[in-house]
Amino acid sequence: MSNRGNNSGSGSNNRPEWLQQYDLIGKIGEGTYGLVFLAKIKSNRSKSIAIKKFKQSKDGDGVSPTAIREIMLLREISHDNVVKLVNVHINHVDMSLYLAFDYAEYDLYEIIRHHRDKVNQSINQYTVKSILWQLLNGLNYLHSNWIMHRDLKPSNILVMGDGEEQGVVKIADFGLARIYQAPLKPLSDNGVVVTIWYRAPELLLGAKHYTSAVDMWAVGCIFAELLTLKPLFQGQEVKATPNPFQLDQLDKIFKVLGHPTVDKWPTLAHLPHWQSDQQHIQGHKYESPGLYSVVHLPPKVPAYDLLCKMLEYDPRKRITAAQALEHEYFRMEPLPGRNALVPPQPGEKIVNYPTRPVDTNTDFEGTASLQPAPQASGNQMSGGMGGTHIMGNRNVPRPVHMVGGMQRIQQQQQQQNMSAYNLASQAAAGMGGGAAINPGNIPMQRGVAAQPHQQQQQQHQLRRKDGMGMSGYPQQKSRRF
Amino acid sequence: MATNFWTSTHYKALLDQEEVDVVHNLDKQRGITLEDFKLIKLHMTNYIARLAQNVKVRQRVVATAVTYMRRVYARRSMTEYDPRLLAPSCLYLASKSEESTVQARLLVFYIKKIYSDEKYRCEIKEILEMEMKILEALNYYLIVFHPYHALPQLVQDAGMSDATQLIWGLVNDTYKMDLILIHPPHLIGLACIYVASVLKEKDNTPWFEDLRADMNTVKNIAMEILDFYDTHKMITDERVNAAMHKLTIRI
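Chains as they are written, first to last, in the working numbering: chain A, 1439 to 1919; chain B, 3 to 253.
So that you can see chain B by itself, here it is in the shape it has in the complex:
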């Protein structure tokens, strides 16, 4: 069902962390490590967000595009699906499924503007071809649920309205990880409220207990988010470039 998460294809297709953290054989042959794999997906997440800002689409479109990108790489290799083309193509497809269609030529224009590196350049035709390959790789399952929808109500209920900005930013950052492939979105949203409570030193324990949500999972997600922020500081452009370079060399 389209808007009942528990009966949706999104819920049915949730993966375990171990299933997500698999580097495709073709990529392994190029020396791509799990670290590289995550780094490239992070880099592409940022790329999609930047591109989206330029073509002016909402955050939900970005979130859906990133989810498509991560879903594709849970099944297909970066060798066959060049991230530099896949990322804008995911944004292109997501703009349609989220009813905010962006023209491919506009994407091509802004890609040129953002990146001087020619390896990012692509033609309209390539985006259109990749759009179809994405549809296929996604097995035509296009519905994505996000934490955003339920968030305002939860934030208000938790008495965290003054931290709305912070929480919203945390949720956006969760797309830099694979959480959306693994956990129900409302638990991701709750984890962000949990992290914000910790950062703001607000004791929300009774509220969380009343929710009867799976608090173990919420806390685990929260830990992952905090871990991510710790390691995120150590990511440099050089490391990203080195990982990306492995994809370009001929073998």
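So that you can see chain A by itself, here it is in the shape it has in the complex:
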């Protein structure tokens, strides 16, 4: 690990004892609650794990409720298609908490992006079907145990890399999940959930009580995205608290699916935002082009039928995970398989997906990386990016998903430079110094192009140039810089 030479704080001697069973490879993610690291188990070098570190919040709130939820649920559940929590550790000195998971090399966000931007070709039908089946299988397990995920989106759906479980889908990130059998408070008290693009219409219309059907809507959106490589409903998120009315997202849905009616969805009339007729959502007439033309499927094929049933407006009529698994789509060729990445037919081309980038300059404290490597800072400026030398001299994995997918894209850049979209004010605010460096939020290039050449070479082996992505970990926003 030559890159770690300037990493002053990462000596294994001052690490807690339990950490010494792992070899730290580097940082793979970063968020509000802390950092995510890739590590190998010393006694079994072939096994990789992701360690999610929760920092103690400064406000004296103790262990974050997100961590508590995740621990509580993941300690109980065990399923092939749900990410496995292998260990929990506490460091009493700095009051931090570590969750160790089996590491999954890929996620749907990266797989979809790779097909869209790199290979420029749709995902083969076997892979789409296998991913969807396994996702439903995991979800059916969760729902039959009264657990709602509430934050399904491509970046939370992981796929295992090489090894015994290659190509197996894992549902991850249970920071928002909860048991819904007997809530002490209405579920809506929990704040707004589900990334806006994957958010079910009943949530968008302000439902106070909702069901596991919200997860099925998200699965429908993900299914469509696997088919077309584009998010199905890309609404612009309104940022305000609490629970702002997301007109644009509803607008995007209505344009494709047509207007919901009380005839087809009787409880619609009771939903707060429908009732209050916010900005005349009731009056607006939509000419529906039909979902089939958006997803390029003939209306009579089973895939289309299944998709329609997942995107049913009335949550009570929406197909359940158990029913979906029984759908005709899964009983016709190609049949879904356990290894979603390798089609069973010989001779078919295997797509090499990018793996998550690893930042090897960061230690478990997440501090050493703040030291800029001196040789790189000059080059930074030559990239014409106007500064940001603190972060620009290395490849920082992108922090993932706060609320909207748009932010996610935007965040990748903001780590490197500044926002090109300037959508997420909170992300920008979170940058602190960065905002001052680029006060005008001038759109900037991102990624490899902005990297100094020498850095590229240095890190080439550790990170594919096209793979800015990582996956699966909780609501994150950039904070450190």
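No lab work stands behind these hints: they were computed from the structure.
Each computed DSSO-like pair below joins lysine-lysine, with the alpha-carbon atoms no more than 30 Å apart:
hint	chain 1	residue 1	chain 2	residue 2
1	B	K115	B	K40
2	A	K1522	A	K1493
3	B	K127	A	K1493
4	B	K135	B	K248
5	A	K1522	B	K135
6	B	K135	B	K30
7	B	K127	B	K40
8	B	K14	A	K1485
9	A	K1668	A	K1747
10	B	K30	B	K121
11	B	K135	A	K1493
12	A	K1755	A	K1668
13	B	K204	B	K178
14	B	K40	B	K235
15	B	K58	B	K114
16	B	K58	A	K1646
17	B	K114	A	K1493
18	B	K114	B	K235
19	A	K1747	A	K1693
20	B	K135	A	K1480
21	B	K115	B	K127
22	B	K127	B	K30
23	A	K1478	A	K1493
24	B	K14	A	K1522
25	B	K121	B	K178
26	A	K1747	A	K1646
27	B	K248	B	K30
28	A	K1478	B	K135
29	A	K1493	B	K58
30	A	K1690	A	K1668
So these bits of chain B aren't anywhere near chain A, every CB distance computed over 12 Å:
hint	residue
31	K40
32	K115
33	D229
What the simulated footprint calls covered on chain A by chain B, stretch by stretch (three residues with Cβ under 8 Å from a Cβ of chain B suffice, anywhere in the stretch; the number is not a length):
hint	region
34	1508-1514
35	1530-1537
Keep in mind that this is a model prediction, so the values were computed, not measured.
We put the CB at the ideal spot given by N, CA and C, even for glycine.
Dock chain B against chain A, hints included.
Below, chain B alone, put in the same frame as chain A:
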């Protein structure tokens, strides 16, 4: 599985009475007897309930907090885990796992208000540190099942709706004992209905027989509850204070 009791970590971690009634060596050295041990846990149960009333959280949060406290003392000593700090910290953690988060500073505020005794005072930081120690002591198993969930249906089925208040009170009182560490919660709930039937002189025998529940266990739990009420009358503040005092003296 999260909400299937029979596959849950709660079920797998149920203990025998003999395992629960073990005074930790460190506590023994201070002269804590089994009697003292139970008394302090009872006292802390009341403390948690009182604190919960002030910060306004529901009974299920109290029940979970008390269960955490009792689970911790099935493994750890009172010498190392001071009950006066452990009790509010358990409530703090339970408020999170039951999705009704209470701020630590609010707990600190009400502790001061309830107890003039300085030994109960604690700082926010101490609660946060103890929260982590509890997580560790619980081995990160946080799911707790309670009798409450199934109770309304059972009470109605048994034709005991007029005794709902009584039964609810009985269930709350079971947390003053270690029953939740030892028995499946629905059997505890049934035992409370059984006790209420006895007190109300209502013959529910056919109903209980139809349930095909483990009636031996139900009756044993019911006996324990009745025994508890008998001995409970003899518990005085002096006895509690004497037991608590043993924890404070330096040895």
